[in-house]
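Given the structure of chain Z, go ahead and fit chain P onto it with the hints provided.
Protein chains: 2
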Amino acid sequence: MSKLNNQKLSIFSLGGVGEIGKNMYVLEFGHDIIVIDAGLKFPEEDMLGIDIVIPDITYLDENKDRVRGIIITHGHEDHIGGLPYVMKHIQAPIYATKLTMGLIEHKLKEVNLLHHTKRHIIHSGSELKLGKFNVSFFRVNHSIPDCVGVCVDTPEGIVVHTGDFKFDYTPVNGEIADLAKMASIGERGVVALLSDSTNSERPGYTRSEKEVGRAIAEQFYKAEGRIIVATFASNIHRIQNVFDAALEHGRKVAIIGRSMANVVQTAIDLNYLVAHEGLIVSPEQINQLPAEEIVILSTGSQGEPMSALTRMARSTHRQLDIIPGDTVIFAATPIPGNEKLVSRTIDQLFKLGATVIYGQEGVHVSGHGSQEELKLMLNLMKPKFFIPIHGEYRMLRQHGKLAEETGVDSQNIFLIENGDVVEFQHGEARLGAKLPAGNVLIDGLGVGDVGNIVLRDRKLLSQDGILIVVVTLSKKNGTIVSGPDIISRGFVYVRESEELMDDSVQLVSQTLQRCMSDNQIEWSMLKTSIRDSLSRFLYDQTRRRPMILPIIMEA
Amino acid sequence: MSKLNNQKLSIFSLGGVGEIGKNMYVLEFGHDIIVIDAGLKFPEEDMLGIDIVIPDITYLDENKDRVRGIIITHGHEDHIGGLPYVMKHIQAPIYATKLTMGLIEHKLKEVNLLHHTKRHIIHSGSELKLGKFNVSFFRVNHSIPDCVGVCVDTPEGIVVHTGDFKFDYTPVNGEIADLAKMASIGERGVVALLSDSTNSERPGYTRSEKEVGRAIAEQFYKAEGRIIVATFASNIHRIQNVFDAALEHGRKVAIIGRSMANVVQTAIDLNYLVAHEGLIVSPEQINQLPAEEIVILSTGSQGEPMSALTRMARSTHRQLDIIPGDTVIFAATPIPGNEKLVSRTIDQLFKLGATVIYGQEGVHVSGHGSQEELKLMLNLMKPKFFIPIHGEYRMLRQHGKLAEETGVDSQNIFLIENGDVVEFQHGEARLGAKLPAGNVLIDGLGVGDVGNIVLRDRKLLSQDGILIVVVTLSKKNGTIVSGPDIISRGFVYVRESEELMDDSVQLVSQTLQRCMSDNQIEWSMLKTSIRDSLSRFLYDQTRRRPMILPIIMEA
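In order, the protein sequences belong to chains Z and P.
All residue numbers for the first sequence refer to our numbering, where the first residue is -7 and numbers rise by one.
All residue numbers for the second sequence refer to our numbering, where the first residue is -7 and numbers rise by one.
Just chain Z, with the same shape it has in the complex (with noise of 0.2 Å):
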């Protein structure tokens, strides 16, 4: 069992490669360890099948009895979705704002583990003694509703998680950022700050939520056919705005695809979203209302096939058709891999007769702080050591740029990767031991047991795909009873490559009947000496590469 040591206070990411610091961080110190989030990240182009990547758990596997307790900082998938893995493992309890629980708890009660699972609603006001360290909080802004920064104080000081985070000065719901708490927090000193580098990259401030509403408040203006509006389900403030413009206009709102129904739902049961009496209507409604008097909120704003936009874009949904005089709005920029998904969607929106609305028109903004804020968020904590958190390395050697600027010490400025442990003791900082932090892989109810070899195996078939060769051979003597039959998918169209499969099939056959003549020959051999002479030969013929398979059967 790996165990760190325990007379210091140790922080690393266990978030995977690739972005960093981005889903799961820990901070340990002697016998205690506390968890802050527990989140997925969706898979790289060359994850071939992969449905999710998780971070690799195996260190706090290995400790579970020592973790008190799992903080979740808000409800994004990439915060939370880790989840339903990791509470199989990790019995300890999960800290939340009243949002933030329900979505974990619709996450955690799909598989059955809503009721095994100890569950704390916090505020930003609330306290927490978990083991040696003392967990309070402040409000920050961001693209959900109830996120909270984390403020540890440790035997070594105190410790600050910014979370995700932007300062909105006029959210939606009037709940600004907890600046007091911040500065006072940072009047008692800050030890470490560990900060979203997400925008890092993006001078100046990111705009407020409130220009998102009169942007979209605008389009109703100009609308007179029916509105779709696709965004995030989880950004709770931007559907509160296209429900106030609705209301406004006497439009009525229908809510399409389960997981923006879903959202809705939990905001509105939990007052976090507030609909006029009568202002939802079904889906079923929507034909049945005139078209200036209908909006619909969507999912699809990513262009995912599935979704009900990108269905109605291809005109293959069940009960919506896109018609002339229809106004889309995309209100949500395409996430970095999601361009291209995006750009045909709305193309086919254009070409079905809709008005589209995307890119510079105001009806987006981020919800991650740009460089004037994390400024303003090293100026308020003043900490001694700086650790960018969440963002390609690029982007945390930017956010460390700026941390310089605002008077940290470069020396005290921590670029680490996933499983880099930060040890602090008696007021001093360095790079310790490595953990294990890789990607587990999950594809269906596999978790982790897709690893290289399957992939590449993938990555070979989806190229070339595959040519399987099937030869019988006699027990007794070794001759050929049956075949030798080859099969192919994915490499050539075979009802117009008879003639390749006929001249495959006999190199095969000369091969068999060379290497039979030796009568020593092993079957391995014998399957080595197709596999070659057949890759060249297809090589030669048709400059690809399937993946060529042997299979010798004994009858």
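For the record, the hints were derived by calculation from the structure and aren't laboratory data.
Beta carbons: idealized from backbone N, C-alpha and C, even for Gly.
Among the clues, some could well be false.
As the list claims (entries may be wrong) - What follows is a list of derived Cβ distance ranges for each label pair:
#1 Z:D532 x P:V266: 42 to 48 Å
#2 P:E285 x Z:E203: 32 to 38 Å
#3 P:K343 x Z:K56: 31 to 37 Å
#4 P:K367 x Z:H268: 42 to 48 Å
#5 P:I315 x Z:K343: 47 to 53 Å
#6 Z:I327 x P:H108: 45 to 51 Å
#7 P:K426 x Z:H241: 47 to 53 Å
#8 Z:E216 x P:K214: 50 to 56 Å
Showing chain P alone in chain Z's frame:
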């Protein structure tokens, strides 16, 4: 044989689906056909294993005796890359400017078509008579030198095809666009303008390449160690900017990457690029010169996995390592779809200690005109009919709006797809027939043989792999003489899934026994039974759906 109405002028694109009118445009009148450009495009994400995509030239092939010439506007791949395929079918002469022809010849040589192809070098003052068409040219600016727009005098009036263009009033080589000539074409009266829509969504003007020169020179002032510049091989002006900056700062230039070396050599040979004597050194000399006296010009600005820069970033380049103090300049922006590759490369370079210049530092400008330039072109040409080309549908639509603003009648704007024919007769235009204009996929030596079935199989294989069930049955009595054996690839990690595999074999055995108790059973039904029962079982156990391939041998 299909043939269009020969009393009319017909205009259409054969550029495949996706971006519209990009790769090949055709004009036809009576017995005469001329082709403008013959490019390729790169495969979409869902075209697994495909190398490149070319236009469907079925129509040209059927009418090849009537093709009077192939006119190439400039030397980019999406305008010349289809020629090695097209020239196998069409014997018409190619017309292109000197640099463009140099690049074309390089391509034709590779496929042994150079000496079979008639080639004519033109310049912006050339005039051609190709059947009923009188063709002249006008110089435009773009991100490669020697670009022309095409002016075609037809019996139905003047048709103008802009090619890719922008207006650069301070071009690196001093050759500004032929404003006066364009104006005089406009004065004579243009019946139809086909104009580049790539940047129709960008307000304002595209900046001059000369500004990029200044931005690059600025980085040369700051850099203390080696400088590595990554850009598109074909951006000769930018390479000239790098040469000029190197000369000014007493640095030598080493060129790495095959395509970069090829294009630079062609451009120097043809006098499009001026390299001071002794400026260029061989890659071997890089490590012999002091760091502050070297510039490395490299491919890899798109994060291409096999490029020199990407290999240096991964520390897998044979000769070159990134060392702290290196400055790497990305003098290019990521093409949509390449964002993640580029971002990964930037991160790796930072980690190796390099200073990386990317994004908003002014070291790149687009080669395509923005909205004000598109309006300038419209004002110069004053067309009666307008066909926006080169772009996604929404860009064509935006370009159409710009045309309306400049006074083109909205009835006279054709937003068309590839294969849509616009017919001109007696001063009127209308949408005519639809010609085949799909994508032709090239995979290795195969041209068009990979279709939907093969791609669907590759997609399936890439997601959950394949499971092959082999069994040999006796010819005499149908009993099992060998197997069933199960082999899988890309499905699960077999060494850790023995139980699952054993259970699967048992399930197949049971299915076989159940089926064979019915003596009448056909093999196809046997296969279906195996596939169904195994598929259900595996989905239940793993939530994965591998391709299942039952193979029954007879011995």
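To see whether the hints hold, each was checked on the structure:
Between D532 (chain Z) and V266 (chain P) the Cβ separation comes to about 44 Å, which falls inside the hinted range of 42 to 48 Å. The beta-carbon spacing between E285 (chain P) and E203 (chain Z), approximately 51 Å, falls outside the hinted interval of 32 to 38 Å. For the pair K343 (chain P) and K56 (chain Z), the beta carbons lie near 33 Å from each other, so the given range of 31 to 37 Å is met. A hinted range of 42 to 48 Å holds for the C-beta pair K367 (chain P) and H268 (chain Z), which are about 45 Å apart.
Taking the beta carbon of each, I315 (chain P) and K343 (chain Z) are about 52 Å apart, inside 47 to 53 Å as hinted. At about 49 Å, the CB distance of I327 (chain Z) to H108 (chain P) agrees with the hint of 45 to 51 Å. Taken as a hint, the range 47 to 53 Å is violated for the pair K426 (chain P) and H241 (chain Z), whose Cβ atoms sit roughly 41 Å apart. Hint check: E216 (chain Z) to K214 (chain P), Cβ distance near 54 Å, so the stated range 50 to 56 Å holds.
Comparing the model with each numbered hint stated earlier shows that hints 2, 7 do not hold.
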